[in-house]
Structures are given as structure tokens and as C-alpha cells.
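J.: Sequence:
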Amino acid sequence: METPADPPRPEEHSSAPRPGGGRPQDQHPSAQRHEAAYPAHWEADVVLRDGGTARIRPITADDAERLVSFYEQVSDESKYYRFFAPYPKLSAKDVHRFTHHDFVDRVGLAATIGGEFIATVRYDRVDATGRPASAPADEAEVAFLVQDAHQGRGVASALLEHIAAVARERGVRRFGAEVLPHNTKMIKVFTDAGYQQKRSFEDGVVHLTFGLEPTERSLAVQYAREQRAESRSVQRLLAPTSVAVVGAKRAGGGVGRSILRNLLAAGYTGRLFAVNSSFPEDQGTLDGVPAFRTVKEIGEEVDLAVVVVPAERVPDAVAECGEHGVRGLVVISAGYGESVTAGKARQRRLVRQARSYGMRLVGPNAFGLVNTDPAVRLNASLAPELAPRGRVGLFTQSGAIGIALLSELHQRGTGLSTFVSAGNRADVSGNDVLQYWYDDPDTDVALMYLESIGNPRKFTRLARRAAATKPLVVVQGARHSAATPPSHAVAETRLPHATVSALLAQAGVIRVETVTDLVDTGVLLAGQPLPEGPRVAILGNSESLGLLTYDACLSEGLRPRTPLDLTTSASPEDFRRALEQALAEPDSDAVVVTAIPWVGEGALDWPEGEVLGAALREAVAASTSRKPVLVVHVELGGLAHALSAATATLPASAGPHTPGGAVRADVREAGFVRDEREARAAVREPGAAAREPGAAVGGTGDPAPAPGAEESPGAAPRIPAYPAPERAVRALARAVRHAQWRTDTEHPGRVPEFDDIDEHGAAERIAALLDALPAGARGTTPGPEDTGDLLRRYGVPVLRALPAPDADTAARAAAELGYPVALKITAPHLRHRPDLGGVRLDLADENDLRRAYADLTALLGSPAELRPVVQSMAPRGVDTVVRAVIDPAAGAVLSFGLAGAPSELLGDTAHRLVPVTDRDAAEQVRSLRSAPLLFGWRGAAPVDTDALQELIQRVSRLVDDHPEIVAVSLEPVVVAPRTVRVLGASLRLAHPPAVGGEGPRRMPTY
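The working numbering numbers the first residue of the sequence shown as 363 and each following residue consecutively.
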């Protein structure tokens, strides 16, 4: 896969045409320059099409030997495609030329694995005639060369994304490439990239020219390639054909031996190997598994290595795995970023080492991986039993929480498709697992416990796409930056947690507050359809429990019907008939069944929970309705099991506690629980759920099926059961809101085009303001005139305000503007403080103005301190505030709220990611708790929300078009019945910050 832009020149023919025809090669104007500083920010780790990894970095003068070795491994055919003629060897002059760059007009990048080149790409800037040039020339010739052994892995596509980003940074706007017609692979790389391109054919060569500005199609291609690659990388971890446990002890127990036994007990379908350097040479096997002293002694391929050795020995184990060609690692070992400062450095070295060999890494300090697929049956974790087969995917960043969730889901009878506990998530993260779940046919619902989000912008993008087909439920621990686990080095965000939560909700994420809420919501979504609306039917044999459910529905914004009381004497058959009728009636979208123990003659003659559960399941199975059904019950033994056909993940006999409550040694050794108290907080003792008030239903001592049991596809639907109406209704309300979000996303709205926007003029003005910055300045806050000018170019006029340093100047300003006027102070420490009386309105004449001026200065201070201004009066309306900020982790975020107490005191603010669509703007305005003030509250005239929404979209467009605008604040924005007026505005300009999730695909680095 090669293209021949600017090939090396034989020393004796320095001015000769390139082999195969073409232009004479002249010395590049920049050839005499000193090389620029090494652009370290161009370095990136990438995931390739097959799930492996490579490192992309600039080529330097130190790479001469690597380049020669790389070229020697390229086939003669690939060399011919590159140079249009036989070119068996690079001369010393060629090597010098291809390893010395100025990183502006001549740039070379290499893809490396294990420190060795597997592919290269370079560009050379050219002028309109095709000769070497410097800026302001904005076209360059690009050429690739990929080792034959690595062709078909998507290396060239990844290099194209990165060299294009580098070129844009250096002012190059177009690439040209010449390709032989038979080099179809390289032509396909360019054609499939999604850029706008032109193609011509002359002298037996295909000439391609394409612009480098990202297009909707090029971004779609990039995201699709990213999804395939990252999904494949996780799939290789979860479905290995062979596993080596590195650190399985010969004597005693220990974590490694436990994991080996867990793999065996689960019935893992692939090949297993035990590795420990302390094995005697004649060890042979361990627990019936082939045993080796080193990974290198294994005489066949290994897909996955589970590393369970002390942290100081992990680098040697990783090196062995990398040299043997292992594809992925799960590092159970602790002693990394979660411990001390030295541990963070050790963790960074571990990631670099694993990636240098092209391996993905789960951990360190991981709990492990589970895949219940019958074709795999992988339990490479500390969970002693393979989870039951189900359709829920589970991801956690905490081993202790992972234990708790596995136990809770078992108690509730919900099986898993896959489970990933990433520990410190130094490499594989929730984003990677989301990519896998997106097209995994065995996962219908995704549950995630996150303690940090390394790339919020990417996470929201992936979540929005996944949530459209599979509900995604997230609980976030360590929600405050001060509490972020030290092992999770993440990009710093300036956004408060409430803002991040709002952005996640915008992306369709079902965010919950607790682990219990996570399970409550997950079991509902896993077992029942989404409701079509908020109408809820309530029936049961307890009037009080029905009323509590009714009140809970109202509190959650649902529309409950009057509860149907079946009385305490109701039999299971009465419940079945009532449920069938409620499912058949068209005036409800969901049904909540409430149940207490049966009261009446013969109450103890039958197992009431089992019989009632069977009756309810029969009613649901017989119905053609797509309504979700939930059950709230009190002390009905066996009901939860009967409703869910419960399956087990951690049965009492093999949980992380022994029957006496002691923590198992292997769980403690792995570092997931530090003492007995923490262990009991993470996982209840066997049977405790049945005894403790408020415990999750299902822990009733019901017998669990065999480990790894698979849910029967033809079984009756499972009905989730809850011990309290509030928990059931909260879960249902989340399902209702998620269903509404899905409906809304079918018509996502559009980003409007405004004909009156002067994008080019604004860009020139911004560039001039930034060029005027003194050396070393990080940014600037333009004055009122420049701020008003930039906003006016986007159709956002700011009501004119004139400075009034004294009373006479104020009078002249008022005369110029025309009465009535307003007099207000603009000192930063006093602005937007109406409680101080710093604004005087409706000043009808000069006498009123002078009197107000004297009052203000006497009350609050001198004019020099107050900075008073005179401004024309705006129509009466509602004061609001519109802001936008560029966050380094989340990107551009636009916020809207009512000015003053609603937003500042109560936090009543709505947030959206830029660009904001017309639908986003309408929802943003209406989502405030104080929104009724805009729509005629208590008989007031409704204000012009259409004009307000247009203003929001114009500000969004301004920030989206010009990333140099890193902050915007419009306050106050007065929304009147027939217009909108901006009374105050400020901007902050700076050179565009690096924003996570932007640019070519790359793996995170911490």
C-alpha cells in the first residue's frame, strides 16, 4: 500500500525525473533550515483494525537504522508501487532525506510496534506547479509505505488521519498523491477516507487531490473505523482462544491459582496454560493444565495473559508476553496508581510497555473478565463461579463494587453477557467496552460503575449512539474532583458535576445516584419493554401500598391511575385476572403490582410467593401488550425467585465470604477489600438480604441453579420485584424518560444556517486581536467595542452603553442615546448585584439622571470604583443569562438560565454541547425549573422564546466556528414579549486549546 510522492533520488541523478515519469525534483526551500523543535504532541497510540495497537510518532534523524531495516522488509512489489520503478535499496542520501524534517514543510510520521517501523508516511509542501515550496503554499504531496506483513490492518488509514491533522496544523489545506492504477489498496485508502477529492488519469498514473478539512462523511468514516478497531480489541480480550495465567502458584492458594481454577470450573472452551518461574523443570501440569516456567516456553500462540505477580515483576512478565506475541493482558497485580506517587509512574511505564508490543491492557489492579457465551465460558476473574448467561453487560472501575454488583444481580435473577472490571483503567476503559457492546448481539442493556470519565466528549458521543438501541445505565462514584481515585489520571475538567450529568442525560445516559439504583433500573430494562408513555396502572391487595405507589409516581412526574384495591383476601387468580385486564386496557403504559402476604382462611396451605409469581408471569405471557410490569412486595417468600427465574453469580457457598463471614484469602490478597468492615459493606453475608430491612429482593434463600446456567430464550418474561414502591417507581420513571429520549432522537433537529453571519470577518478580527498579544500572553478579554463588533457579526447586537466617569459626561451620553435611559455600575465586583441598588432605570430626563448619579456615588463609592455607564432602556421582560465555555475535557458547552438567584443560588441552569440544534435550544429553554416565568406564569405576558432560542443558536454557531473564543457571557439578556435585548457581554480569546475527543483517533495518555 504505497504512493510515490517525491521518491528518493539516486545520487548520480539528483535532478532526474522520478522513476516512472513525473516532475524533476528540486531542493526544498526549507532544506537549509535548522530542524524545528520535536513536536511531541504528534505522538499517539492507535488501535488498528484487527484490535492490535501501534504507536505513531514523527520520524527523526535518530531513526536512520530503523528506516533501513524497515525498507529491507518491504517486498519488491511494494517498493515498485512506491517509486514506480525497481528501487531495492535506499542510499545514504535517501536515508538522510527521509529522516531529516523541519516539521513544517517536510514532515514524516512512522507507525511502530516494539520500537520498529511497520509503516511510514510523509508530506512535502509544493506550489501550484508542483515544485517544493514553503508557506503560504497550502498544498502538499503525500506518500505512504506499509510493510507487507502489516497491510490490511488499517495502518495506512490511521496514518492518513494523523498526517492530515499535522498538515492542517501547519497550514496545508490539500494533499496530492500519484498512484499506479494497479495499487488498488492505496487508492481505496484515499477514496474511503471521506474527503472531497478530484481524480485524473495521465501518463499511466492516477492523480488524486483532496481537501483536508473534515467533512461529515470523513468524520463518519473516522468514527466507524474507530468503533470497529476498539470493539475488535475488546473482543480479542473477551473471546480468547488461549489463556495463560502468569503467577499461578504450585503450592497453597493465592490469586493466580484461584483464577486458574475459576477458568477450569467455568468450563473455558479454549486452551489453558499455567506459568510460574518457580515451577521445577519437571512440573508438567498444574491442576491438569500444561505448566511452563516462562511464557516463551509455550509452543503455541497465546491470546490472553492474566498477570498475577508482584508489581516489581510485572515488567518482566509483560516483556515475555510481548515477545511471544500475546495479544492482550489482564493485570490483577496491585501496587500501581492506587498506592503512592511511585505507583503512578510504574503504571505509566506499564501502559507504554504493553502498547509498545501492540497489546491492550485491562488493569492494573483489575478484578478480571467474564464472558458467559457458551462458545467461550471465560471466567478470568476472582468471581469463583461463572455468572449465569444473560443479556446485561457490566463494567466497573472497582473490584469491591464489582463484587457487590455481581452479588446483587444474582440475587435479582439477572444474568450477564460480559463483565469487565478495569481496576485502574490505565488502558482499556469504559469507552472501549461501549464500543464493543454497541454491536454485540448478546448484550441488550449496559450497566456501568464509573469513578472517572477520561474523555467525556468521546464518552457522550459513544453513549448517544449506543443508547439509541441499548439502554445505558451509569452510576458515578467519586463525583467530586477532590475525590477522584489517584490511580485514575484523567483530563482535568472545569465543569461541575451537575453540568457533566446534564451532558450525559443529553446523550441518553440513564444516570443514577447509587449502586442500588443501578441494579433496580438494570433489572427492569433487562426484563421488560420500554414504556410508551408515563401513564401507570396500579393494582394490589394493599390499599396503603397502592397509595404509596401512587404518591411516588406523582413525585417522579408520572401519571398514575387510581389504584385498584383487590383487598387482602385476593387470591393469585384474582391478581392474574386484574393484571390481564390492566395490560389489555389502552389507558395505561405500565403496570405496578403491589402485594403483601395473603390474609384469610388457609393462608398457610400453599407457598404464596411461588403461586402468586406464577400467576403474574402467566398473565404477562398471555398478553399481547408491550407494557412493562413491576412488582412491589412485602415479605412474600419465594416471590422474587418465581418472578425472575433467579440465577446465581455468587452462591452462598462460594461467595467472597465463607459461611462464617470471613473474607476469602484470595480476594483479600488481590487488594479488593482491605478489612472485614469494607468487605461486609461491599457484599452481604450469605442470606443477609432476606434478613435486613430494605435489602434487595430475591435474597430469600431460594435455591440457585447451577453456575453458568443459561437463560432459556422461550421462558416466560421475568418481572422485576422491589421491596419498596419508591424504588420501583424511580426505576420506572427512568425507563419512561429514556423511552421519550429515544423518541426525541428520531428527530434530532438541525443546526440552522444564518445568511447574515459574517464568519470570515469575525475570523479576521479574532486573528488581529490575538496577533496583537504580547509574547507569552495566554489570551485576552476584548473591550466593549471589539466584543460588540464580534457578536454583531453573528447577529447578536449588544445594547449600546456609554461610559459615564462624571455627571456631565453621563448627561451628554444620555442626550446622545435619547431618554429614557438606565444608569448602572460595571465594576467587576459589583456587576449583577441588583441587591446593592447599582442599577437605576427609566430615567426620564437630565434631572433624574443627575440625581441618580449622585445617589449611586454617595451610596457605593467613587465613579472610578464604580465605572458607571449610561444605556438605552430595554423593554420590560425576564432577565436571563447565556454562557459558553470551552472545557479541555468535554469541549464547547453552552449554558442557559434565568439571571440572579435561580441560576446562581439554586443552580437552575441547562447545558448543551455545541453545536446546539433548534430542538436542543427549545428543550434547553423549557428544561429549567423556573421556565414557567418565560411562559406567562401567574398571568404575566409570555416572552419571545423563539427569539431567545435563535439567540442561543447564534452564540452556539459563533463558538463552533471560532475555537479561539474560549468563553462567552451574555448577561443580562432581557427576553421581552416581542424581542430579546442583550444588555451586557464579554468574551475571552485565546489560541484554541486541545480538546479531548477532537482530531484523529488516538488512545488516551495519562
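It is worth saying that the hints were derived from the structure and are not from the lab.
It cannot be assumed that every hint is accurate.
FRET-style restraints, in silico, Cβ to Cβ [to be verified]:
| no. | residue 1 | residue 2 | range |
| --- | --- | --- | --- |
| 1 | Ala1129 | Pro1250 | 15 to 25 Å |
| 2 | Val567 | Pro736 | 26 to 36 Å |
| 3 | His1353 | Val567 | 57 to 67 Å |
| 4 | Asp1118 | Arg1162 | 29 to 39 Å |
| 5 | Asp1118 | Tyr1181 | 38 to 48 Å |
| 6 | Ala1137 | Ala497 | 17 to 27 Å |
Beta carbons: idealized from backbone N, C-alpha and C, even for Gly.
J.: Against this structure, judge whether each hint is valid.
T.: A quick look at each hint next to the structure:
no., hint, in the structure
1, Ala1129 / Pro1250: 15 to 25 Å, "holds (22 Å)"
2, Val567 / Pro736: 26 to 36 Å, "violated (54 Å)"
3, His1353 / Val567: 57 to 67 Å, "violated (40 Å)"
4, Asp1118 / Arg1162: 29 to 39 Å, "violated (19 Å)"
5, Asp1118 / Tyr1181: 38 to 48 Å, "violated (31 Å)"
6, Ala1137 / Ala497: 17 to 27 Å, "holds (21 Å)"
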